[in-house]
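So the protein lines, in turn, are chains C and E. The opening position of the first sequence corresponds to residue 406 in the numbering used here, with each subsequent residue numbered one higher. The opening position of the second sequence corresponds to residue 236 in the numbering used here, with each subsequent residue numbered one higher.
Worth flagging that the hints you see were computed from the coordinates, not collected in a lab. Among the hints, erroneous ones may be present.
Counterexamples of contact, computed for chain C against chain E with all Cβ distances above 12 Å [said to hold, decoys possible]:
| hint | residue |
| --- | --- |
| 1 | Asn-407 |
| 2 | Val-411 |
| 3 | Ala-492 |
| 4 | Arg-544 |
| 5 | Leu-546 |
Covered by chain C, per the in silico footprint, the following chain E stretches (three or more residues, Cβ under 8 Å) [what the hints assert, rightly or not]:
| hint | stretch |
| --- | --- |
| 6 | 378-388 |
| 7 | 392-398 |
We put the CB at the ideal spot given by N, CA and C, even for glycine.
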Amino acid sequence: MNALAVSVALLGLVACATALGLLWRARTGRVRTITSGDATVDVSAIVPDAVAGSNATLLQFSTEVCAPCRATHAILGALAERHNGVAHVDVDITRRADLASRFRLLQSPTTLILDGHGVVRARIGGAPRPAEIAEELGRILGRTTVAARSAAA
Amino acid sequence: MTAREHTTPVPASKAGLIARPGQVGIDPRGPRFGAGITSVLLLVTIGLSLGTAATPPPNIAGRAAQPGFILLAIIAVLFAWGAFAGVQKHPYGRLFAAVVRPRLAAPTHLEDPTPPTFSQGVGLVVSIVGVVLHLVGVPFGLVIPAALAFVAAFLNSIFDYCFGCQIYLLLVRARILGTASTSA
Numbered sequence: 406m407n408a409l410a411v412s413v414a415l416l417g418l419v420a421c422a423t424a425l426g427l428l429w430r431a432r433t434g435r436v437r438t439i440t441s442g443d444a445t446v447d448v449s450a451i452v453p454d455a456v457a458g459s460n461a462t463l464l465q466f467s468t469e470v471c472a473p474c475r476a477t478h479a480i481l482g483a484l485a486e487r488h489n490g491v492a493h494v495d496v497d498i499t500r501r502a503d504l505a506s507r508f509r510l511l512q513s514p515t516t517l518i519l520d521g522h523g524v525v526r527a528r529i530g531g532a533p534r535p536a537e538i539a540e541e542l543g544r545i546l547g548r549t550t551v552a553a554r555s556a557a558a
Numbered sequence: 236m237t238a239r240e241h242t243t244p245v246p247a248s249k250a251g252l253i254a255r256p257g258q259v260g261i262d263p264r265g266p267r268f269g270a271g272i273t274s275v276l277l278l279v280t281i282g283l284s285l286g287t288a289a290t291p292p293p294n295i296a297g298r299a300a301q302p303g304f305i306l307l308a309i310i311a312v313l314f315a316w317g318a319f320a321g322v323q324k325h326p327y328g329r330l331f332a333a334v335v336r337p338r339l340a341a342p343t344h345l346e347d348p349t350p351p352t353f354s355q356g357v358g359l360v361v362s363i364v365g366v367v368l369h370l371v372g373v374p375f376g377l378v379i380p381a382a383l384a385f386v387a388a389f390l391n392s393i394f395d396y397c398f399g400c401q402i403y404l405l406l407v408r409a410r411i412l413g414t415a416s417t418s419a
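Produce the complete structure using the sequences and hints provided.
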């Protein structure tokens with residue numbers, strides 16, 4: 406392999422890594438609404454001392470070595486505090502391979518939004534975007550926010 | 236890449252990362268600075284190794300004397316330093332604290348050093364794989380792990396991507412990690 410080919414290969418590697426980074430940045434933290442299926446999750450069956458919210462539950466899966474999990478904990482905690490009947494449950498899955506497999510978790514943090522009946526309504530991989538998750542929660546709670554209306558328009 | 240950050244206020248998404256009282260926090264720009272140096276070194280490693288990647292020297296002494304191999308071995312030692320001593324005691328952490336940090340504005344918050352220290356361990360494992368495969372004489376055995384490590388370090392440095400957040404969970408699911416205590 407000559408010097409030119411090596412340079413091209415290195416540039417290609419940097420370009421691929423940049424493309425991956427941009428793709429990741431565009432996708433991480435996005436809310437994925439779940440319409441199909443009516444899988445219900447019993448939060449207190451997962452974590453003995455956890456209590457589901459009467460209107461919605463923000464179910465967060467974290468690991469010990471995950472910086473965005475701490476950020477997510479703060480975002481979701483504040484969100485739960487602002488809404489009545491919304492609980493935030495942060496589950497450390499470092500030693501819960503059963504949960505990681507059951508919910509097909511591929512990254513931490515992963516957040517599920519459950520409605521008042523425990524039905525999974527949305528899934529967010531990575532640190533959620535505060536505005537987007539607030540909007541989705543509002544929709545699930547049945548309160549159409551201004552942001553949601555403008556997004557739908 | 237690091238100078239850009241101090242001008243922006245701490246976003247809400249970072250609030251939870253603030254080191255707790257009583258915990259020794261680190262400047263979050265430090266690990267990204269270190270990852271930047273690591274990614275440049277890995278790129279040099281790959282550049283030095285690509286020429287003979289398909290046809291490594293026939294004997295182990297010849298393979299061990301190649302500059303790309305020596306550089307990857309040094310990178311592995313640096314990863315081990317970070318993984319076992321912690322990122323603050325790593326040479327790049329010290330370099331950041333001594334040279335870069337004084338030129339930047341004060342960090343808006345301090346972060347827990349555990350996640351970047353785990354990432355150093357991941358880097359160590361990947362670079363050891365490269366070192367071993369190359370010594371055994373596997374074609375592209377050095378270049379491919381080095382390229383994977385480069386992508387991870389590059390994404391961490393430029394995009395603040397957390398590689399450990401993904402790999403750790405896969406290790407838990409594969410029952411390699413986190414099976415020490417019984418699950419409920």
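Quick rundown of the hints versus the structure:
1. With a least CB separation of 8 Å from chain E, C/Asn-407 falls inside the 12 Å interface cut-off, contrary to its annotation.
2. The beta carbon of C/Val-411 is not kept farther than 12 Å from every beta carbon of chain E, the shortest such distance being approximately 5 Å.
3. At roughly 17 Å from the closest C-beta of chain E, the C-beta of C/Ala-492 stays outside 12 Å, upholding its exclusion from the interface.
4. With a least CB separation of 20 Å from chain E, C/Arg-544 remains clear of the 12 Å interface cut-off, as annotated.
5. Here C/Leu-546 stays apart from chain E, with its beta-carbon at least about 21 Å from theirs, past the 12 Å limit.
6. Counting residues of the stretch 378-388 of chain E whose CB lies closer than 8 Å to any CB of chain C gives 3, which reaches the minimum of 3, so the coverage claim holds.
7. Check on the stretch 392-398 of chain E: 4 of its residues sit with their Cβ under 8 Å from a Cβ of chain C, so the three-residue criterion for coverage holds.
Hint violations for this structure: numbers 1, 2, all remaining hints satisfied.
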